[in-house]
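*Asks:* Here's the letter readout for the chains.
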Amino acid sequence: MSERIIEFRDALREAMTQEMHRDPRVFLLGEEVAQYDGAYKVSRGMLEEFGPRRIIDTPISESGFAGMAIGAAMLGLRPIVEFMSWSFSLVAADPILNNAPKMLYMSGGQFGCPIVIRGNDGAGGQLGSTHSWCVEGMFSNVPGLKMAIPAFPDDAKGMLATAIRDDDPVFFLESERLLAMKGHVPEGDHYVPFGKAVVRRPGTDVTLVSFGRPVHFCLDAAEELAKEGISCEVIDGRTIRPLDIDTIVQSVRKTNGCVVVDQSWSFGSPGSEVAAQVHAHCFDDLDNHVMRVHSSDVPSPYAANLEQEFLPNARRIAEAVRSALYVA
Amino acid sequence: MSITLTMPRLSDTMEQGTIIRWNIKEGQEVLSGAIVADIETDKATMEMQAYDDGIVAKILVGEGTQVPVGTPIAMIAEEGEDPQSIASSDGEGQKSTAATTPAPGPASIETPIPPVATSDTTAQVAPETTSVGRRKISPVARRLAEEHAIDVSALTGSGPGGRIVKRDVLAAVETASANVAGAAGDVLPVQIPTVATAPAQTLMSTTTPMVQHVPALESTEVPVSGMRQTIARRLVESKSTIPHYQVKMRFSMDTLMELRKSLNEKLAAEGVKLSVNDFIVRACALSMAEHPMFNASWAGDRILIHGRVNVGVAISLPEERGGGLVVASIRDANLKSLRMISAESKHLATKARDKGLATEEMSDSTFTISNLGMFGVDDFTAIINPPNSAILACGAALEQPVVRDHQLAVGWEMSATLSLDHRVIDGAMAARYLGTLKGMIEEPMRLLA
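So the sequence lines, in the order shown, correspond to chains A and B. Position 219, counted from 1, in the first sequence is what our numbering calls 219; the numbers after and before it change by one each time, with no gaps. Position 80, counted from 1, in the second sequence is what our numbering calls 80; the numbers after and before it change by one each time, with no gaps.
Bear in mind the hints are in silico, worked out from the structure with no lab data behind them. Watch out, some of these pointers could steer you wrong.
Each computed DSBU-like pair below joins lysine-lysine, with the alpha-carbon atoms no more than 35 Å apart [claimed, not checked]: (1) B:K136 to B:K355; (2) A:K102 to A:K196; (3) A:K227 to B:K136; (4) B:K136 to A:K254.
All figures in this text were calculated on a predicted structure; none of them were measured in a lab.
Same shape as in the complex, but just chain A (with noise of 0.2 Å):
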């Protein structure tokens, strides 16, 4: 077995080629997609591979291409929608929580809505607050999506591939922090099933639960919080919805302890959802309150500084810890 090094942007083409030549109804579109190879060089060298009819770019009018992809998906074809930035979604709220996730259940199960759409999702480095939207807190609130969130390129390859097989509308949140990330991708089919969180790393004393870039926070925070003794089972939960509460709980069964590390605000959000949860399932098996780490509860700042503070960094989930363990 070869290990194969290759980026998370790489691992991303990989899925939608994959799939593009397994399935003909599979198509891309969104904003410089095709001519420019991908704002992010996700899509490189696909125009040349499935030409114009499949890889499509779109004037800048994410209401009008996600509202055209969409009713494509309700007449059978499976489009991939690229937004550049989740945070331009939401000029096509309508669209994609009006439309998308409810039409199989408003038309009685005569149109389904298999759409993947994806994108840069959170703080991509000094883009400022309206370039920088976590959207999961938002639309994770919606009944009939999918929301899937990678942190590894093996996952964004396996997990993507799932995406573009589902018959639900999947929101697949990527991060431009993770773009160039390198990774052991596996060659050819590679699925990731949804809804079932992993375990990166073992440990004893608190279950650290976060999805996405902050898996990698939390990976640190762990790493930092070993020197003290402090042994962290850090849980990467890769789709938020279907959320896999079932690993969670049984690590929590374990370590007792609970913090939960979410990039987006705390105000309802998927962190405040798993810590009801976990509170709901582990009672009388925690020894303190679940803890949540966010990003602040204030626009994200410009300044690097205030946007490092800001994340649920690696030092603010290790105060988190050591206050659940009672060792602050």
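Since the structure of chain A is already known, use the hints to place chain B on it.
*Replies:* Just chain B now, with coordinates in the frame of chain A:
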């Protein structure tokens, strides 16, 4: 919204407070400005005021319990609120302790909810833990305690607000198993689980039973009050950082005892009753004029000589108030007459023993006197009360065989032992100070001027 009273921060350094006495009861009306409780801080016992009107819905922390600043201690229902619903909404598992009498009015016509019968083991354990409000314990700690049959009421919680957490129960489990293994005939702080009693009994039975000639004393633990912690901290600091030494002298008390008797007889009608200690306070204070180094503090690179003479007087507190001692400060004692010193000493001692002194009544002493004469102690030594440089330990004025004018006679004598900070005061200086003091005590008319 109901009002939650929390442990107030009554001094800059206060982190914990103990409710000494509640002046309110559940169901009672309180008005803004009323003194609801006496709170013991690390320094003093102070009064806690209500800032709102309302009905006491629930007292959350019992008398004698120490909690961190900010901990909720009572709930007050505001006008139009039902105190009972506030009391019962306050956290799970409290119904057994919420012994509120039903208030007259609409609440009483409602059908009372019958207690829910349950076979849940937690429900059976709960009522015993709650003489002073609900014992705070994390869920997993509660579960572990049940599994290992640990009596949580015997545990000290190390979590916030004394919450018993996992590590506290695990430590108790460890202690329990260590005690079983060692088969010590000691009182165990925890109960051994039923499943473990078989080997435990076997071990116990092999040891020789203790013959009970005398009533056995019970091993127990006593929680450390804020005051006891302060005493411990300050005295360890004093004894371990100040180079202490002692110089002792005996004073003839014949004249002083005579003068005191005569003054007390003449002034009895005015309510004046001078103690021996009042004379000593005045004598020590007046001696400072000649010996300023005894009214000074070591400050590392210099010595601070104080311009005012504030004589601290150690006052022991009654056992029923938790014991301990405080040092009351008699300010400007060198400028006060004997009767002023006497009146002030009495007032401070009574207040200290009844309700505690305010911080300002205990601060700024420049020299301290500790007197165990009233207990019949002959002589003893004391630990310096920082930032003082000296403390005088006085024994009892006793009738002794003495030599007066080359004749053996019976006379009143008192021993006085100075403990000194050698960084500030050398031996010869101490001797000279005691000499001055001796002069004043033995010619006490000088103390009247």
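*Asks:* In ascending order, which of the hints set out earlier in this document are inconsistent with the structure?
*Replies:* none
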